[in-house]
Amino acid sequence: MPLLEMKDVDTFYGELQALFKVSIEVDRGRIVSVLGANGAGKSTLLKSISGLLETRSGNIVFDGKRIDGLPPHDIVDLGLSLVPEGRKIFSSLTVRENLMIGSYTPKARKQSHKTLKGILKLFPSLHARISQKGTDLSGGEQQMLAIGRALMSRPRFIIFDEISLGLSPLVVKELYRAVKKINQEGMTVVLVEQDVKRSLKVADFAYILQEGKVTLQGNPRHLTEETVKRAYFGL
Amino acid sequence: MTAKPIRLTFIVILLAFLVTMPLWASRYAVNVGLLVCLYVTLASMWNLLAGYSGMVSLGQQMFIGLGGYTLAVSSMYFGVPVYLSVLFGGFISVFLAVLISVSVFRMKGVYFAIGTWVIAEALGICFSNWGYVKYGMGMFIQPAYKLSMSGVYYAGLILCVSSVALVFLLLRSNLGLALMAIRDDDQASETLGVNIFRCKFICFLLSAFITGLAAGVLYLNAIFIQPFEAFGISWTVNLLFIVIIGGIGTVEGPILGAIIFVLLQQFLSEYVGYNLIIFGGITIGVIFFAPRGLVGTLQMKTGWELFPVRRQ
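Taken in sequence, the protein lines are chains A and B. Anchor point for the first sequence: position 117 equals 117 in the UniProt record's numbering, and the numbering is continuous, going up by one each time. Anchor point for the second sequence: position 129 equals 129 in the UniProt record's numbering, and the numbering is continuous, going up by one each time.
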């Protein structure tokens, strides 16, 4: 049984339909990539999974439990965590406080000191800046902080929304190394990206969205550039 | 690090001054001290809502009126000891807060402000038409005549110290961290596992409880309660003045603001009519020149806090 299963999900913004019968499966321990241009519905998909948006029909099952309709904090508590697009570092909190807020759920809070140590080992550059304001960090460090913050809830399943957005290639490379390491530690990973090439390179499986529908899915090694382009742009 | 001893010395001196006040000060001065204590309490609770939880309430007077009337009814009609009646006032306020939370928590921003205000106004009208509490004529709280000034003063002082301590400890706790995160970005904090409703609910109930208690002590001192005064918007307008000139979203702001407010109120009491103009003028001036309030601006310039709530 897949860890996350989304079946025939329709999501609306008021009257406007943004997802059309989207079905997605993510198996345990995998890295799954979700691709699509601006407005393809990637963010809507994430908001539907994390509980920020209510789905109108279909269902979402995480580890055998239906999560559509649950409030976001309950979904986090089940072990599903999100690194938001644009990092969303809390501006009035220090690096340490930003990390601590990640382990807000009671289960995670008990182990927060241990988790924090592990995260500082994964991102040593955060260690030196632990007492600084989160938003005083460089773009790359802020992204590391956002990832660390999501890891503080000790998730089994972690979604990265546009982690390479606006960062230098060198930093992006380092971040992807971290993503692989996180995956090797046993976490199931979903990468939502516009950087098609890089994310297909690390993914075990890919979904391509266009105008709110899944237009292509499969093992990235079996997808040709031609079919990806067509599914991505609809040409 | 010499900041900590300085801070502690300052707090100890301040507390010693306040605790010994009834021994050496005049009755009038003690009365002013009591008013300061109560306004610090009320303003801290409004600040907890507006400054930290993003709930700008214009209806704190509903808890003031309810706290006062609970004191009046239970001490006059049921012969309950006055201080126990004050405590009842706090519980009744929490009860009201739970009742209305279902509806007011659906409102955001300015709608929340208006919603809470309307509830307070409605309660004022209800009480003024209710024979049991003597309609609009109001009630004299006779058992409060027998109380000593210093007894009431100490009740106010205890409330004042514990409400400041409570806000301080709350902000240093996990709940405080969550409140700050919600204030920065509510959606991001939600996806990190913060239960926004729960955080705001806790603050709302705490604020209602302590406001209800403070109202009880206030009416122990005032002795007379009347519905349109008790449920009037001017209470919250005063709190707004205190918190804005002191510094919204700071622990110390309401303290400084309350001292300034009560002293001004005393000095200006002879000039009825002009006092409102002066209060308004000061508020506009502070908003122009120190938008974070006196304490907030001072903290930004010097970095010194009496009650540091940040985790280093």
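Since the hints were derived computationally from the structure, they do not count as laboratory data. Computed from a prediction, not measured in an experiment: that's the story for all the values here. Among these hints, one or two may not hold up.
Derived coverage of chain A by chain B (criterion: at least 3 residues anywhere in the stretch with Cβ under 8 angstroms from a Cβ of chain B; other residues may be distant) [stated by the list, open to error]:
(1) 53-66
(2) 70-83
(3) 105-111
Some but not every residue of chain A turned toward chain B, in silico, with C-beta under 7 angstroms [unchecked claim]:
(4) Ser50
(5) Ile101
(6) Gly102
(7) His127
Think of the CB as a built atom: it goes at the ideal place given N, C-alpha and C, for glycine as much as any other residue.
Here is what the structure says about each hint:
Three residues within the 8 angstroms Cβ limit are the bar, and the stretch 53-66 of chain A against chain B gives 0, so the coverage statement is violated. Interface restraint, the stretch 70-83 of chain A with chain B: holds (7 residues with C-beta to C-beta distance below 8 angstroms; minimum three). Only when three residues or more bring their CB closer than 8 angstroms to a CB of chain B does the claim for the stretch 105-111 of chain A stand; here the count is 3, and the claim holds. Nearest Cβ of chain B to the Cβ of Ser50 of chain A: about 5 angstroms, under the 7 angstroms cut. The hint holds.
For Ile101 of chain A, the shortest C-beta to C-beta distance to chain B is roughly 5 angstroms, which falls under 7 angstroms, so the interface hint holds. Below 7 angstroms, beta-carbon pairs count as interface contacts, and Gly102 of chain A has one with chain B at about 6 angstroms; its hint therefore holds. The interface hint given for His127 of chain A is violated, since its Cβ lies 15 angstroms from the closest Cβ of chain B, which is over the 7 angstroms cut-off.
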